[in-house]
Every structure is written in C-alpha cells, then in structure tokens.
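Based on these hints, arrange chain P on the given structure of chain E.
Read top to bottom, the protein sequences are chains E and P. In this text, residue positions in the first sequence follow the working numbering: the first is 3, and each later residue adds one. In this text, residue positions in the second sequence follow the working numbering: the first is 2, and each later residue adds one.
Hints in this document: simulated from the structure, not taken from any laboratory. Among the clues, some could well be false.
Only some residues are given here: those of chain E computed to face chain P with a beta carbon under 10 Å [to be verified]: (1) P17; (2) E25; (3) F125; (4) V200; (5) A205; (6) T207; (7) R208; (8) L212; (9) L231; (10) A232; (11) P234; (12) V238; (13) Y267; (14) G268; (15) V273.
Glycine included, each C-beta is placed from N, C-alpha and C at the ideal position.
Chain residues, written in single-letter form:
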Amino acid sequence: MTYVPIGHDATVYAPPAETPEPELYHPKTFIGKYIWSQDAKVIAIQYSITAIGVGLVALVLSWLMRLQLGFPNTFSFIDPSAYLQMVSMHGMIMVIYLLTALFLGGFGNYLIPLMVGARDMVFPYLNMLSYWIYLFAVLLLLASFFVPGGPTGAGWTMYPPQAILTGAPGAGWGIILMLVSLAFFIVGFTMGGLNYVVTVLQARTRGMTLMRMPLTVWAIFTATILALLAFPALFVSAIMMTLDLTLGTSFFMPGIVSQGKQLGYGGGSPVLFQHLFWFFGHPEVYIVALPAFGIVSDILSVNARKNIFGYRMMVWAIVGIGALSFVVWAHHMYVSGMNPYFGFFFATTTLIIAIPTALKVYNWVLTLWQGNIRLNVPMLFAIGFIFTFIHGGLTGIFLGNVAVDLALSDTMFVVAHFHMVMAIAPVLVVMGAIYHWYPKMTGRMLDDTLGKIHFWVTFLGSYAIYLPMHYLGFLGVPRRYYAMGDTYFVPDSAQSLNASITIAALVVGVFQLLFLYNLVWSYFKGKPSGDNPWEATTLEWQTADTPPKHGNFGPELPVVYRWAYDYSVPGAAKDFIPQNEPPDLSAAGAGVPRT
Amino acid sequence: MTNEALTNPASLPVENGLKGVVSDWSSDQRAFKKVPWGKAMMWVFLLSDTFVFASFLVSYMTVRISTTVPWPNVSKVFSLTVGGQEVPLLLIAIMTFILISSSGTMAMAVKFGYQKDRRKTALLILATAAFGATFVGMQAFEWTKLIMEGVRPWGNPFGAPQFGSSFFMITGFHGFHVSVGVVFLLIMAAKVWRGDLDRETPGFLTGRRGNYEMVEIMGLYWHFVDLVWVFIFAFFYLW
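So that you can see chain E by itself, here it is in the shape it has in the complex:
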C-alpha cells in the first residue's frame, strides 16, 4: 500500500467540516458563568454535586434502616412508619435522583462533548433548563420530609392499592410530592437527554465516526435512549396515580373494602401500574448499568495499557442489552398474579440478556489478560466492579427463573441481588470514574493513599454487607419488614447476622466521608495533575487547558485519526497514541488514508 504524503492537510484523512461552528454563548457575569451556566461542564458539576448531596440523604436513611434491623427495639425514634418511609425514600433517591442524574446529567454532560470533540452540547440553553428542573424536582422530593405525615412509605415501587389507600405512611402529602417530583424529574431529564442523543449523533468532530467513539460515549448514548423511551411509562403512571389520589379516578384501584367500609373506587387494574412501572423500571436498571459498563471499559483499557478486547462486540453488546431491556420487565412481576405464560416468555428473554452481558464480562477480563496493569485507584475500583457485577449477575440468573423466584421473591435475597448488581457495582464505577476524571475537572490528583483505603473498605465492606444477606434470604427473612418477630423458620442466629451487617454498613458509610474529605482536600492541596496524568488516548485528555475552558478545545477543534484504544501499539514511540495524533507516515501500521 502506498501512502499519500499529507503534510498538515487533514482532509486527506478526515472529510472537511460539514457545517460552520455555531456561536458559543459568552457569559459576562459570575452568575452567568457558574450559576445560570450554559456550559455543559459547569452543568455537569452542578448535576453531580446535587446528586451526591441528595445521595448522602439516602445514605443516612440506609444507616437508620440498618440500625433498626440490626438492633431492633433500641431506637425509639424509628417506628414502623418511619422505617417504611426510609425504605421508600432511600430506594427512589438512590435509583433516580442519584444514579440516573449522576451518570447521565453528570458524566454525560461532562464527557460527551469532550469525548466526541464538540464545543458544547447542541442546545446549551435547554441543557441549563434541564439542570434547574432537576434541582426543583429534588427540592420537591426533599420537601416531603417536612410536610404533615412525612414522606411516602409506600415503597419505592409505590404499588397500588396500598400507595393510594390512607393506611400507608405519608398517604396525604408525601405520595403526591413524590409523584409530582418524579414528573418534573422526567421533564427535566428529557431536556438533557435530547441534548446528549443529538450531540452524539450530529455534533461529532471531524474524523470521529461512531465506531471510533470511546465506549463511555456509546454507553451513555444508549442509556439516554433507553431513558427517553422508558421514562414516559413512569410519567404516565405518575399522572394516573396522582389523578387516583386527588380526583378519585379508578385507573389502578379495584373495588375495595377498607376497614369495613366500601370505598368509592372500582374497576381499575393494579397490575396495570406494575406493568407501567416495570416497563420503566427494568430499562432503568440498564440506564444505571450501561454507563457503568462503558466507563469501566475505558478505565480498564487505559490502566491495562491495552486496547479494549472486542471493541465492536462491546458496542453491539451495549446496543443489544439496551434493546433486550425493553422486553424483560415482567420478571419483576412473577408473583403479581399475571398470566403464567407471561412468566415463561419473560424468563426466556431474561436469560437471553445474560448472553451479551456475559460477553462484556469476558471482554473485560480478556482486556486485563497480559496487560501492563497499573494498579492505581480507578483501576482498583474497575476491577472491584467486575467482581461485584459477576456476583450480582449470577444471583440474577436465580431470580430470572420463575420457579426459583417464587420462593425467593420479597426476601432479603432479592435485596442482596439488586444491591450487588445495580447499587454496589455502579457506585464502584462512579467512584472509579471520579478518581479517573477528577484531575481533568480540577487539575489536581486525588490523594492516592486515602483512595486506596477508601477502595478496600468499600469493596470488602460491600461483601460483608451483602454476602450474609443472601443467606438471610434463603432462610426466608422478608424484605421491607420493620422487625422479624417470632417465626418457626428463621433461627435466632439470623439476628446476629443482621447485627454484623449493620456494623459493616456503618463502617462502609463512615469511610465515604473520607472520600468526601479527599474530594475537598485535593481540590486545594492535591498534586497538580497536568493535562494527561493517566496517559490516555481519548480527546478529553488532549485539551489545551486543564480544566478545559468554555468551548472545551483551543481555537481549533481536534481532528480524529484513530479509534480510542491505541495502547501499546507495536513500533510506536509511546505506549499510547492520542486519537487526534496524525498518522506518522514513517511508522509501520500508520492510519489508512481516506480514498
């Protein structure tokens, strides 16, 4: 093959820009720059701080729940109602207001424009609105702690009829605030989500083809599409339940007798709510998991100094998991009384989704195989993710089968399963990602020693919490129960196991404060990081300034010549080649000219 001499004419390798660059908005005041900001990076940090802040509330709630379970009859301020309210708020905050907002609003906003080589999101003004509506939704949700009756105690799934009847804690104000807050969250998210999708599709830089994008972008992109298609079901069910609560309609309410009195409801379908909720709820699992998959792929590849194994298969696995996630929702409903033939169908699809998922796990492990591994803090979290994700995934295969699920449903086994697979695993990635990208966001490294302590306590602590919980589930300890009481099948020793879980949870919780301390301390005193501390190839590490200025790149947008994973290329001078480095024609295996 003969190479055309290129000099500096990039058009040989990448087509010319198809459209002129849009004008960026230029903030003139401090408020325009940092408060009502339209810069995706500032919005990302606003999203992240808000999400982590509300996540801390949910963390404290989980401590209180664990105190009650570990040491029942000790804390007088935790009564059964308060306990149910903690369960409900903990679940909803963690899944939606923390993880969804942090992965898509936080990492999505920060990384998509930088990684695809755009100056900003396509519609910055809409992006700004997205954050402020999200903040409003968070405030509405938190307001429910201060209204008469307190927040809702109907469970994070809010199943009717009990969510609508007056018996559930927070039956008046709490549940309505929750539903309205969710509706606002969805409106706000849609504004951001449209931006993420269109930026990936239509605003990439020259040479950035879809198959050259880092897996982080692919994963956040797919997760956003899932969210745009799944949140409508939650939006609609929130509206319908609000009408049931306020106007006395009967969408979800069958004819029902409460405390000896026939209520005015009749003819609605409670199972309809479950279908709508899980049509949203199962894709939601992947809205949280897919960004974690993508980010972990990039962290593993950078720190193994190897290209990600099977890049194309990884992309197709992300897309495939995303598509399949829309046809598995009723595996959450095996005990709901739906037609048993449904169970057969949904068990089959659920087990099929294990195939692309397992493929990803194999590819992560094969990326590590014979890599030149740098065991730094982000890498530790990434490897920790592989462990917890495999464990959570395997118990998912138990629960995906109807016959096994009937016995294990609504026990602590389910709690252990989903915390392992969609709480601990994505949170480990969130932490790894923060250690990984913090230098780009602030220009300083996080402290290494504190990071390692943080990792080992969190990782081992998670096992100390959730492994025994599987066993409690096998014993038949039900989830969501305030106290166990006397049963003939749960031995007394279960209580000591519960106490040890609580102690582990408190220890892990306290060590998260160490992480927060590290975040603040390193911002002022951390070691300066330089532009590319991890020697990574992707575009966000090639910016002219760290942290990147408004507009992300200098006067010229980067041109992309290669995929995101050129690590340890044989014959290359360094062990990584940035995506925007023009091919060196003298080196063997240089990029192929455009024909």
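Just chain P, lined up with the frame of chain E:
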C-alpha cells in the same frame, strides 16, 4: 475550521438507498447528513412523546377491559342534537376535519418558508394557529357539554367510571399539546412576520440565530399532534 467547512452543505455527496444509510452512519460528524440539530432533536423528542401517548392509550385499553361496569355507548354520548335529530359524532367529525386541515396549512407554510416568502409563511402559520385554537375551543365546548350531562373523572351516568377518567385525561393531555403548539405557532408567526428568520436574529432566550428550518421543526411537532389525534379519535370515538 470555518474556512475548511463546506460553505454549502447541500453539495455533500449523498448516496441513496441502503448503501447510503450505511455510509452515513459509518461517517464522521453527522449520522443524518443534511439534518440540522434542531430537526434531529425534534424527531427524538417526538419518539419519546410517542411512548407517552402509547402508554396513555394502552392504559385506557387496559382499564376498559378491567372495569366490571359496561362501557358507555360512545355514539350516543358523543352526539349532537341538530334540528331535533340526534347526529352521532358530529362535533368530533368537525374537530377532526379542522385539525387535519391545519396540517395542510402548516405543510404549505413550510413550503413557502423554504422559498423565503415571508408574508405567505406568516399568514399560513397564523391560519394553522387559528385552526388549532378552534380545535381547542371546540374541545372546551365538548368538555362543557359532557360535564353538564354529569360526566366526571370519577363517574358518569352512562356506564363505567373509567370512561370519564380516561377521556378527560387523554383528550386533556392532547389538548394541552395543541395549546402549547398554538402558543409556539403564534411566536413563530411573529418572528417570520418581523423578518427575524431572514435577518437571522438571535433568539431572545437561546441566542441561536433564526432560520427557516425552524418553521419545518414547528411543523413536525404540529403534524405529530395531528397524528396522535387520529389514534385518539379511533380508539375513543370509533371503538
């Protein structure tokens, strides 16, 4: 950068058929060649909104099955008495005709927009907005009539209470879409009339420069609202 940019994006070579799709999606910069950002975003939004209306309609079908009380006879409930004679579905036929006509004026507005015919575009957008407002007005009339006859979200004298609940919820949600559309049509008409799109004036809130693609994007939304109505009409009034 800009000096290397193609000055005329329309001159991009585009292949047709399946081959073209493959080459577009494997290219850099844009997956949908020649599609501006705003138009791509409107399409994605409409896809999401489709799921909202689909969830509403599926829920309506489900409660219609689950309720134990017989469903009201819709051709009776939705009839008008004209000259002593009961005409079923009269009002709704007129409403549907008006809304579909508004799609026609909208399509013409888009056509004249791309011809940069400022006056005709503005007038046709105004006509569309007027049709839309008439539709919402007639819907308000229909609601009033039903409420006078005793139809409530929680019950009605004709049969299953879910009839009133889903009727008010779904037509209300659709009417809200139409009303929002009318407001934006009026804003767009003013912009076109003032010549903002010719002069590429930056938008008041977003700061993005005006162009006639905006008319088409507005049109996409309007046609979507129209299309949704066809489904609501079929499922509510003809079933």
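For the hint on P17 (chain E), just tell me whether its beta-carbon gets within less than 10 Å of chain P. holds, 6 Å
Classify the hint on T207 (chain E) as holds or violated, based on whether any CB of chain P lies nearer than 10 Å to its CB. holds, 7 Å
Given a cut of 10 Å on the nearest C-beta pair, is the interface hint for V200 (chain E) held or broken against chain P? holds, 5 Å
Given hint V238 (chain E) near chain P, where the shortest CB pair must fall under 10 Å: holds, 4 Å
Hint check: is the beta carbon of E25 (chain E) less than 10 Å from a beta carbon of chain P? holds, 8 Å
Would the hint on L231 (chain E) stand, with a C-beta cut-off of 10 Å toward chain P? With a closest approach of 5 Å, the L231 (chain E) hint holds.
Please verify that hint: Y267 (chain E), Cβ, nearest Cβ of chain P, below 10 Å or not. holds, 9 Å
Interface hint compliance - A205 (chain E) to chain P, C-beta minimum distance less than 10 Å: holds, 7 Å
Next item in the hint list is L212 (chain E). Is there a CB on chain P closer than 10 Å to its CB? With Cβ-Cβ at 6 Å, under 10 Å, it holds.
P234 (chain E) as chain P interface residue, shortest Cβ-Cβ below 10 Å: It holds, given that the least Cβ distance between P234 (chain E) and chain P is near 4 Å, below 10 Å.
For the hint on A232 (chain E), just tell me whether its beta-carbon gets within less than 10 Å of chain P. Cβ of A232 (chain E) sits 8 Å from chain P, so the hint holds.
Hint validity - G268 (chain E) Cβ closer than 10 Å to any chain P Cβ: holds, 7 Å
Hint compliance for this structure: no hint is broken.
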